[in-house]
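Chains as they are written, first to last, in the working numbering: chain A, 738 to 982; chain B, 738 to 982.
It cannot be assumed that every hint is accurate.
One copy or two, it doesn't matter: identical chains are merged, so the pair holds either way.
[Said to hold, decoys possible] With a straight-line cut-off of 27 angstroms between C-alpha atoms, the simulated DSS-like cross-links for lysine-lysine are:
hint: 1; residue 1: Lys982; residue 2: Lys965
hint: 2; residue 1: Lys753; residue 2: Lys965
hint: 3; residue 1: Lys791; residue 2: Lys885
hint: 4; residue 1: Lys885; residue 2: Lys933
hint: 5; residue 1: Lys888; residue 2: Lys933
hint: 6; residue 1: Lys888; residue 2: Lys982
hint: 7; residue 1: Lys908; residue 2: Lys982
hint: 8; residue 1: Lys965; residue 2: Lys888
hint: 9; residue 1: Lys753; residue 2: Lys908
hint: 10; residue 1: Lys753; residue 2: Lys933
hint: 11; residue 1: Lys908; residue 2: Lys885
hint: 12; residue 1: Lys791; residue 2: Lys753
hint: 13; residue 1: Lys933; residue 2: Lys908
hint: 14; residue 1: Lys888; residue 2: Lys791
hint: 15; residue 1: Lys791; residue 2: Lys982
hint: 16; residue 1: Lys982; residue 2: Lys933
hint: 17; residue 1: Lys933; residue 2: Lys791
Just so you know, the hints here were simulated from the structure itself, not pulled from any lab data.
2 protein chains.
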Amino acid sequence: MNDVIELLQSHRSIRKYRDQPLPDGLLEQLVSAAQYASSSNNVQAYSIIRVSDKNNRARLQELAGNQVYISQAAEFLVFCADMKRNTEAAARTGIEPTLGMTEQLLVSTIDTALVAQNFAIAAESEGLGVVYIGGVRNNPQEISDLLKLPKHVYPVFGMCVGYPEHHPDVKPRLPIATVLKQDYYDSEHDIALVAKYDSEMDEYYQQRAGSNKVSNWSESMAPMFSGKLRPHMRDFLISQGFEMK
Amino acid sequence: MNDVIELLQSHRSIRKYRDQPLPDGLLEQLVSAAQYASSSNNVQAYSIIRVSDKNNRARLQELAGNQVYISQAAEFLVFCADMKRNTEAAARTGIEPTLGMTEQLLVSTIDTALVAQNFAIAAESEGLGVVYIGGVRNNPQEISDLLKLPKHVYPVFGMCVGYPEHHPDVKPRLPIATVLKQDYYDSEHDIALVAKYDSEMDEYYQQRAGSNKVSNWSESMAPMFSGKLRPHMRDFLISQGFEMK
Chain A
738 MNDVIELLQS HRSIRKYRDQ PLPDGLLEQL VSAAQYASSS NNVQAYSIIR VSDKNNRARL
798 QELAGNQVYI SQAAEFLVFC ADMKRNTEAA ARTGIEPTLG MTEQLLVSTI DTALVAQNFA
858 IAAESEGLGV VYIGGVRNNP QEISDLLKLP KHVYPVFGMC VGYPEHHPDV KPRLPIATVL
918 KQDYYDSEHD IALVAKYDSE MDEYYQQRAG SNKVSNWSES MAPMFSGKLR PHMRDFLISQ
978 GFEMK
Chain B
738 MNDVIELLQS HRSIRKYRDQ PLPDGLLEQL VSAAQYASSS NNVQAYSIIR VSDKNNRARL
798 QELAGNQVYI SQAAEFLVFC ADMKRNTEAA ARTGIEPTLG MTEQLLVSTI DTALVAQNFA
858 IAAESEGLGV VYIGGVRNNP QEISDLLKLP KHVYPVFGMC VGYPEHHPDV KPRLPIATVL
918 KQDYYDSEHD IALVAKYDSE MDEYYQQRAG SNKVSNWSES MAPMFSGKLR PHMRDFLISQ
978 GFEMK
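With the rest of the complex left out, here is chain A:
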């Protein structure tokens, strides 16, 4: 196992940060490295908003599920899917760009995720910790207003970045046989494998320092799917120019 693979396998979300800024220029170096992620036809369909303004950080914290580390982390980035820059560039060559296709929502969301994951790894390689904040999709319209996001740009997720103040255990993942399938999608053994993982997660939560959570994976999935998950997202995306045509 090489050092890079070891780094990937040591990932855990960091939610407590030391009160210590990043050295000058490091954030730019990490973003610059992240930009080398693959991009569909090189559209580079993302923008990253670095939120340093303290009032906006506090407001983002409220809007994104009240997670205190959004204010506390040295840096907070909002990763946005961006179909504005590339289509405006295309328009300047004389074409009339078609927007609002479902495929464009996918392309820009995927591009954003790839660059963010590269960023996360670059950050972790420098001893920083990160946590993705899907909570920016709790109130995406208010957050878009706050960050002055124009049409054809939407906030996909946030990310806290800073020097870790805690070192949580690495969370076990699903058995590889459920996620890696040979030639066809075959779920024959999934029930048994998920049951095995449920026990493992139960043990993980019980052993974890400071955790009183008693739950297994299947149970932890239930609340996510027992109601309509972020039902505002459809209308928000449409109003932002991602019509899913």
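Since the structure of chain A is provided, determine the placement of chain B on it from the hints.
Only chain B this time, still in chain A's reference frame:
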């Protein structure tokens, strides 16, 4: 600059592969490392189909834009967004899962992209090359049939993996000032910065060994947006259970 950042910055898509298989067990090791990517509420909403069957590889090549490296690469993986395994696990705890939300399309697509990018980096750290194949979305229904993808699973992209037979130059990326924005979305300087990048890309294409392509970034964006991009995606996703409600 550390070794990990150097690795990220050396990424280029590989489209010519040596006729050399991966050592036994390496693919599983890479997938296993990739699984440690962040996942929204730990839903791990993806499955990876490893296509070894030669006939299916040939068929996938035809269906995904006739890119010969799909057949030639040592490995070809189809990364799928998967909302089946997690909702079925939730259902077994006694709830009736709600599916088809726009948010679930986003969550599963993002989860898939994060795990894929981790995989790409793990592979490159072992001297392998990769290329993402968005072309699996050219004919997603036929590909889903071929791979027996059930409802609530859709092919997001493919990936070729193997030992590189060529070493293309690293493609320049957009100036960091266009993608990293301070506190607000500000595009005031984007036109000038994109013009600078256009010149850089023009030079890159002209200097690249064996490339007769004369184009800049803005011009290369035009064909992507001058028509309806993969207009079948909406209906395909709906029929696959991703209704974007």
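Hint-by-hint comparison with the structure:
| no. | hint | verdict |
| --- | --- | --- |
| 1 | Lys982 to Lys965 | both (22 angstroms within a copy, 9 angstroms between copies) |
| 2 | Lys753 to Lys965 | neither (30 angstroms within a copy, 45 angstroms between copies) |
| 3 | Lys791 to Lys885 | within (16 angstroms within a copy, 50 angstroms between copies) |
| 4 | Lys885 to Lys933 | between (47 angstroms within a copy, 25 angstroms between copies) |
| 5 | Lys888 to Lys933 | between (46 angstroms within a copy, 24 angstroms between copies) |
| 6 | Lys888 to Lys982 | both (16 angstroms within a copy, 21 angstroms between copies) |
| 7 | Lys908 to Lys982 | neither (38 angstroms within a copy, 32 angstroms between copies) |
| 8 | Lys965 to Lys888 | both (26 angstroms within a copy, 19 angstroms between copies) |
| 9 | Lys753 to Lys908 | within (17 angstroms within a copy, 37 angstroms between copies) |
| 10 | Lys753 to Lys933 | neither (31 angstroms within a copy, 41 angstroms between copies) |
| 11 | Lys908 to Lys885 | neither (36 angstroms within a copy, 31 angstroms between copies) |
| 12 | Lys791 to Lys753 | within (18 angstroms within a copy, 49 angstroms between copies) |
| 13 | Lys933 to Lys908 | within (15 angstroms within a copy, 45 angstroms between copies) |
| 14 | Lys888 to Lys791 | within (25 angstroms within a copy, 45 angstroms between copies) |
| 15 | Lys791 to Lys982 | neither (38 angstroms within a copy, 35 angstroms between copies) |
| 16 | Lys982 to Lys933 | neither (41 angstroms within a copy, 33 angstroms between copies) |
| 17 | Lys933 to Lys791 | neither (45 angstroms within a copy, 33 angstroms between copies) |
Going down the numbered hints, you'll see the structure goes against 2, 7, 10, 11, 15, 16, 17, while the others check out.
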